[in-house]
Structures are given as C-alpha cells and as structure tokens.
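With chain A fixed as given, assemble chain B onto it according to the hints.
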Amino acid sequence: MNRRPPSTLAVVATVLAKDLRVELRTLQSVPAMLLFATTIFVIFRFGLDRTRLDGALAAGVLLVTILFAALLAINRIFVAEREQGGFEAIRLAPADGTALFFAKAAALLVYLVVLEAFALPVFWLFFLDSGSGLVPLLPVLLLLDAALAVTGALISPMATNSRARDLIGPLILLPLLVPAMIAAAGAGQHLLAAGGPSYEQYGTWLAVLGLYDLIFLLIGWAAFDFLIED
Amino acid sequence: MKASTLRTLALLTALLIGAGFALVFFYAPNEADQGFIQKIFYLHVPLAIVALGGFVVGGIHAIRHLRSGDPVHDARSYVSIHASVIFGVAVLVTGAIWAKASWGKWWVWDEPTLVSFLIVFLLYCTYYPLRYAIEDRERQARYASVFAITAGAFVPLNFMAVRAAESLVHPRTFGTVDGGLPGDMWLAFLVCFAGIALLWVTLVSFELTAKRTSGQLSRLRRALDESADRAPAGTGVAGRIAPGGAGTR
Chain A
66 MNRRPPSTLA VVATVLAKDL RVELRTLQSV PAMLLFATTI FVIFRFGLDR TRLDGALAAG
126 VLLVTILFAA LLAINRIFVA EREQGGFEAI RLAPADGTAL FFAKAAALLV YLVVLEAFAL
186 PVFWLFFLDS GSGLVPLLPV LLLLDAALAV TGALISPMAT NSRARDLIGP LILLPLLVPA
246 MIAAAGAGQH LLAAGGPSYE QYGTWLAVLG LYDLIFLLIG WAAFDFLIED
Chain B
151 MKASTLRTLA LLTALLIGAG FALVFFYAPN EADQGFIQKI FYLHVPLAIV ALGGFVVGGI
211 HAIRHLRSGD PVHDARSYVS IHASVIFGVA VLVTGAIWAK ASWGKWWVWD EPTLVSFLIV
271 FLLYCTYYPL RYAIEDRERQ ARYASVFAIT AGAFVPLNFM AVRAAESLVH PRTFGTVDGG
331 LPGDMWLAFL VCFAGIALLW VTLVSFELTA KRTSGQLSRL RRALDESADR APAGTGVAGR
391 IAPGGAGTR
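Heads up: the sequence lines are chains A and B, in that order. Here my numbering = 1-based position in the first sequence + 65. Here my numbering = 1-based position in the second sequence + 150.
Just chain A, same shape as in the assembly (with noise of 0.2 Å):
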C-alpha cells in the first residue's frame, strides 16, 4: 500500500467532526454554559439591582457571560484527549500536529455561537428594551467568539497537561483576552445605547477584534507542534 498522508485540512475537518459527534452524544459542554450563562444573567440582575440594561452595563454583562461560559469549554476542550491519548495518537498519525490546533478552535467556535444563538434571545428577553442593538452587535460577537477560541485552543493543551489544570486557563486567559474585551465592549455600549444604536468607532473596533484575532492564529500555527510533541 502506497498512501498519501490526508492534507491538514482533511485532519482538521477529521477532528471537528469527531469533536462535534463527541458532544453531540455526552452534551457535556454546551448545555452546561447555556445554563452557566442564564444563571450568570440572574445572578447580575441581582448583583446589579437592575432590570433593565443599555449601553455600556447591557454589554459589559453580555461579553462577561460569554466570557464565562467560554471559559467551561475551554477548561474542558483537551481533556478527551489527554486522557484518552489524543495527543499521542496525532504525534504518531503521519499528519500536521497544527491540525488539532485548527480543529479546537473551530469547535470552540460552534460551540460559542451555539451559545450565543441561545444566549441573545434570553439577554434581550430579561434585560433589553429593543433587540436593534442586537444585529450590528453580531459581527462583533463573531470575532470575539473567533478570539476567545483562538486563544484558548493555544493556551488550553498548556493548562491540560500540568498540574493545576482547571487553574491555569482562566488565570492566562483573563488577562491575554483584555484587549478583545475592551474591543468589544467598545463597540458593544453604542450599539446597546438606550435611545437606539449609534456606530461610534464601530469599525476601528471591528479591525482590532479582527487584528487580535490574525495575530493569536498565526501564533497558534507557528507555536502550536511545541505544545504536542514529547
């Protein structure tokens, strides 16, 4: 037999589905941060005394939920492979290691967007007085789901395999996704302003998103195979 070893693509798209399948049968992390979020949007009612939110508190309680709830699938998104030897079993597949890289972070992606298809309609619900917001609000969501799965891809196989795992994420992660947050924030409290939206800075925001984005996946892609091999 004389077989080609199958391109990075085909890995990555081998990988998500297999991720996807995954967790469409154990449904273990994306119900837990639907619910994670909800219970999150209560807890701010609460904390905050309000009912209703706009500008920047409507966005300020929006991206920190999604922040959490980011954070659950990204604590979780390597287990499976630590220890059942995923890792092992790409370093001995004749295949890109940057493929698992790819192919984490596109889960992460549709497993946030699946939140947030969840997620939105329940914040406008509890807290919102016009979903107009909401529409321009999506692309910047978007490239802020890409930035939280970017970075978590390349810093969750670090965090998995030491010692003080579930510790390690978060405490890298909340302060490498400050710039994302102010980003989106920026861009978020005008959209979510109380008299309707305004697009003050939209777009600069948009290409910082889009700049941290760039700049963490070409840093996944050159430094992901040193966080594989052995």
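No wet-lab data here; the hints were simulated from the structure. Just so it is clear, CB atoms sit at the ideal spot from N, CA and C, and this is done for glycine as well. It is possible that part of the hints are untrue.
A partial selection of chain A residues facing chain B, derived with a Cβ cut-off under 7 Å [as the list claims (entries may be wrong)]:
hint, residue
1, L74
2, A78
3, V107
4, M223
5, R228
6, A229
7, P235
8, L236
9, L241
10, I247
11, I280
12, I284
From the derived model, a few chain A residues whose C-beta atoms are all more than 12 Å from chain B [to be verified]:
hint, residue
13, A97
14, R115
15, D119
16, D194
17, A248
18, T269
19, I293
Leaving out everything else, chain B in the frame of chain A:
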C-alpha cells in the same frame, strides 16, 4: 560570566545610576507645571521602558529556544521575564506615587499607559504558576517559551487597544518625552535610562550566573556521590542515595 566581569558591571551600574540621580537633582530644572514631584519621571519612565523591553527580550530568547532546543535560551528567557516582572512592580509603585502627587489619587483609570502596563504585568505574573505547574523540565521550558512568545505579541496589541479606548477622553498629560523635553532634562533622562537599563543587564547576568553555578554544583555533587557509591560501603554521602538513583545523567 566571570566574577570580575560581574563586579565591573555592578560598579558601572552604581556609577551610572548615581550620576543620573545627581543630574536629576542638581542639574535638571524643576518642571514648571508639576514642580519637584515630576522628578519621579526620571525613575518611572526608564523602569517602564526597560521592563517592556525585557519582556520583548524574553520573547526573542523564547523563539531561539524553540528553534534550537537549547535550554540556555530558556534560562535567558526566564531570567529576562523574571527581572522585568520585578521592575514592573517598581513601575506600578512609582506610577501610583506620581498619580497621587499630581492627580490626588493613587490610581487613575484614564491614564492609558498605566492601565496597559497593569494588564501586561498581570499577564506576565501568570508565567510563574504556568511554569511551576509543569514537572517535566523539557516540557516546562517549551510551554514557557510558547507563553513568552504569545505574551510578547500581546504587549503592543494591548497598548493599542487601551489607547484606542481612552484617547478621546483624556489628553496626554505626560506627552513630554517626545519633543517637548528641554536639553538638560533630556540629558538627565538619558543617563538615568542607561543606568536603569544597565541595572537590568546586571541583575539578569547575576541570576544567570547563579543559576549556572548552582547547576554545576549539583552536577559535581552527583558525580561525588557516584564515586562514593563505587567506594566500599558505609562511607559518607552514598548512604543517602536510593539504589539506582545515582545512575542518571
């Protein structure tokens, strides 16, 4: 590094910092707006620039470590970041003192450079828990290098984002470094900057030398134990070592 080189380096550092502070207090004029308190500028700003530069140096050593696999580069990366984190504490403390003196508050959120620095500092603080949570030495070095590169790229990105968030609100009060500084202030600033930069180099050299020396010491100790192991039983250190343990390395 040899002891004599280290001594010369330390003396030179002390001399330059001494000269810099002498210039600051006796030569450079008091700033018209802020008066005497502005002199903290000559300590605070060099510390901040050197700390950030040190983070970048740590990232460059990390790249070299990943490319060559040589643990020397990892040690350099670690020591660079370590010294810069210590400088970072000094930056935040002097920044807080300056803020208290000129704005009446220990901390202000609308000074983008200070806020950016805090975020960078917080990120680099997580370098230690990451490093010491990994037992395998080689993997520890690799992960630490990936972290150092990621964080190195994060530094400019973070400054950009924080600046973009604040630039419309607050005028740049401390824009004095670019252009607006008179000649005698420039001279004092440059000497202070050179002194602080040399202090960083000295501290890094000392720690690297200490690390290498203690590495050599433990190698020698192992060799000694091994040779004692081969000698007739019951003599000295060999008894402390588990059977087979002396065979490694």
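### Query
Can you name, in rising order, the numbers of the hints this structure does not satisfy?
1, 2, 3, 7, 17, 18 and 19
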